Amino acid sequence: MKDNVDSYVTKDGRTIGPVVMEMKNITLRFGGVEAIKDISFDIREGEIRAIIGPNGAGKSSMLNVISGFYVPQDGEVWYRGAPRPAMKPFQVAQQGIARTFQNIALFEGMSVLDNVMTGRLTHMKSGLMSQMLWRGAAEKEEIENREVAERIIDFLEIQAIRKTPVSRLSYGLKKRVELARALAAEPSLLLLDEPMAGMNVEEKEDMSRFILDVNDEFGTTIALIEHDMGVVMDLSDRVVVMDYGKKIGDGTPHEVRNNQEVIDAYLGVAHD
Amino acid sequence: MALILCPEGQPASVPALLHRNAKQFANAPAYREKEYGIWQTWTWSQTRDEVEALALGMLELGLNEGDFVSVIGRNRPSLYWAMMAAEMCGAVPVPLYQDANAEEMTYVMSHCGARFAVVGDQEQVDKILDVKDELPQFERMIYLDPRGLRKYDHAALDQYHAVQEMGRKNRDKHIKELEARQAKLNYDSTGVMLYTSGTTGKPKGVVLSNRNVIETAKSSSQFDNLQQSDEILAYLPMAWVGDFIFSVGQALWTGFCTNCPESADTMHVDLREIGPTYYFAPPRVFETQLTNVMIRMEDSGRFKKRLFDYYMGVARKVGPAILDGKEVSFGDRLKYRLGEMFIYGPLKNTLGFSRVRVGYTAGEAIGPEIFDFYRSLGINLKQLYGQTEATVFITAQPDGQVRSDTVGVTCPGVELKIADNGEVFYRSPGVFVEYYKNAESTADTKDAEGWVATGDAGFIEPDTGHLRIIDRAKDVGKMADGSLFAPKYVENKLKFFPNVLEAVVFGNGKEECTAFINIDLTAVGNWAERNNIGYASYQELARHPQVMDTIQSHVEEVNKSVAQDEMLSGCQVHRFVVLHKELDADDGELTRTRKVRRRVIEEKYHDILTAMYDGSPQVSTETEVTYEDGRKGSIKATLEVRSAAVMPVAHKMAAQ
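Protein chains in written order, with numbering that gives the first Met the number 0: chain A, 0 to 271; chain B, 0 to 655.
Check the hints yourself; a few may be wrong.
With a straight-line cut-off of 30 Å between C-alpha atoms, the simulated DSSO-like cross-links for lysine-lysine are [what the hints assert, rightly or not]: (1) 33(B) - 173(A); (2) 203(A) - 603(B); (3) 162(A) - 150(B); (4) 477(B) - 203(A); (5) 477(B) - 304(B); (6) 203(A) - 33(B); (7) 203(A) - 150(B).
If you are wondering where the hints come from, they were derived from the structure by calculation, not from laboratory data.
On a predicted model such as this, the values are computed, not experimentally measured, just so you know.
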């Protein structure tokens, strides 16, 4: 591991920067159930960091801790060099963290464009009155934000469904719209909860390309949870492997793939 | 800079026309593209500046006179400008089909020895990088969309806008040279080189001079009275001669505005938003649209459906006559007016045809029902006949003389003659210069006096002067009993049924004719849905007994109509199969412009063909298929050989 360097350049020419987020001995309990047991790992600037593990391993809980939705009972989350206090979701968003959900959480009755625009909310400053009257700052702001939204629509190639209500879209497209909304917030850290679950091969390939392009084009740091091992190994720079709430592996895809504990967890070995 | 003029005092090259427009129509819109949800417009003077900046940048990169520049991508103003910029530098633009596979691309680019390529996006960059080793003369690539290309080695790769910036920076250094090169361009210098799709053999590079481009643009614009205020939507492949003439030739000549859609998927929305006044589409597009309209009307409520049916009846009765300016009774006119209000107007608006003043279809025969449907709505849809070698126009239908069975009268400046074997020859200012590096084929096609063989058999109607095309001359043959065999004639009749997507008829030198048929998945799929017939794939639907019955009834109907033609009554289809896969350009069965490659199909499916003539009731076959990404697979199937009833041959032409 390159733990002791500030930044390095990957084989394909991307620069991976210093650590932006660090999980220090996180433990999360729901009543008596320990969803996460004493886990530590870090996320570096500009990298694609995957969290994998079998069903019920605690991956989504981990992502919710990163996003600030859950507050762990023990341990600390360090973000950009300082411990992060318990926060409201909108405060997390203001810090430049955006996410997508495993079970799509879009506004079904609204158009794709409107959904993407909601991702711009943290960037809108004008007051209620001004927005209602559509005067001055509000108008200017809307035009600016619409442009950002349109660039993302172009980037994700969803121009053809711009005005379509979300409820009429296929599952794969909804996932893409969710990604668009998250991107609209111009996050520095993007959290993706199973972005490829339930997709066919072609949709998976598309989504993989978009994730790589986002990372490449905007330099966004991405943390993702994924089931599909093949996809994860191709996409990510480093992988954390969880099983029954514990971290059982951490390293490059190559290192993780050859880790006996990981192999056991995936192929199934009797637990005592 | 001064314009370069030809003897008649008009600009003599594509760049010269651009300079003229930049002066004459300086602030009129020249190109539009929908990007980021908004139509972005460039005026003629802005267009000139953009093109010039790119040309200067290309000079900085070392583009020489006489070099070939490949242009590959979907229709975008920047790519049209790249073609003009290449011409400014004295180089020759060679647009390629954007869906061309690596092999086709390698052939064309190595045949012309392209040094530069201007491409749309990562996909095209990747394709060229893959085959770069087979292109010894190839040097540099300029790309438009930077997405995904950040990490690529930029030693021989430049971003389009960066090249323009480089050009603007080095303006002083190169502007003299650029002007000098443009001054050398004249009517005889090459304007563009386009590769024909080639139903047989390798594609041939058709060299078109500035004379070809400008004279054709001029006469065809006059023919249809095209105006500076006209609008077109550019969505057909840039490598196709028609698109070059419409979006560059005629656009430059008349100064009208060329609109580029946002993406292939948004084409229909963009069409509605722009509402072009001058529109071109191959029959297939009109067919698909009509099928969609009919399917949606089937799904609509009873009241709407009845209203639609009633007023479409009115339209069919009097619509074409009103369009042609013929006499129609007051009552019918009133009904048609109401229809316009309730049905035709909104329908045309939905289709994006509200403002179409001149519409053309060409490339294939169009079904009379389809043709009449659009005309009855009041859309001035006409047919034209042309080819790359003629810079498109050979014949076209003038307003008021439009029929579905002819391709019109000769365009201004075109002469026609019919050879003894029925082949159509033409001579015009649009006749191509040569096939690049292929003197033999040039000599085969064009004689010393400038007459060009079209390869089509046809005749001129004595009383109207309209040209009628029967078939490709080389496909016309004789049956075993000596009667005429014209496969296309029968195939077109079959394809006029919405359920039939493609048909290939065999029978040259045989006793009887047989046919391969592809069903149309949209139309037949919709029928299946309506009748609660489940299917998982094209293959499954194609072999469904009820589908076979339907197709059989279509074939028998065609036989009935073929039997009435004394000359061609031998061409009735005795047996047919519905193929287990759709014929596809990726498998080499169709050209990129979707024309049937008869020989390829004959060889590839020789087992099925044999079965149709040896009396087998069914045939098992295995076919290799190529997927879009180049991977190969195979399909196994057992096909039923169906017989169709044939009519006794009529001995005199039955009255229509």
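Against the structure, the hints come out as follows:
{"no.": "1", "hint": "33(B) - 173(A)", "in the structure": "holds, 24 Å"}
{"no.": "2", "hint": "203(A) - 603(B)", "in the structure": "violated, 34 Å"}
{"no.": "3", "hint": "162(A) - 150(B)", "in the structure": "violated, 34 Å"}
{"no.": "4", "hint": "477(B) - 203(A)", "in the structure": "violated, 54 Å"}
{"no.": "5", "hint": "477(B) - 304(B)", "in the structure": "violated, 48 Å"}
{"no.": "6", "hint": "203(A) - 33(B)", "in the structure": "holds, 28 Å"}
{"no.": "7", "hint": "203(A) - 150(B)", "in the structure": "holds, 22 Å"}
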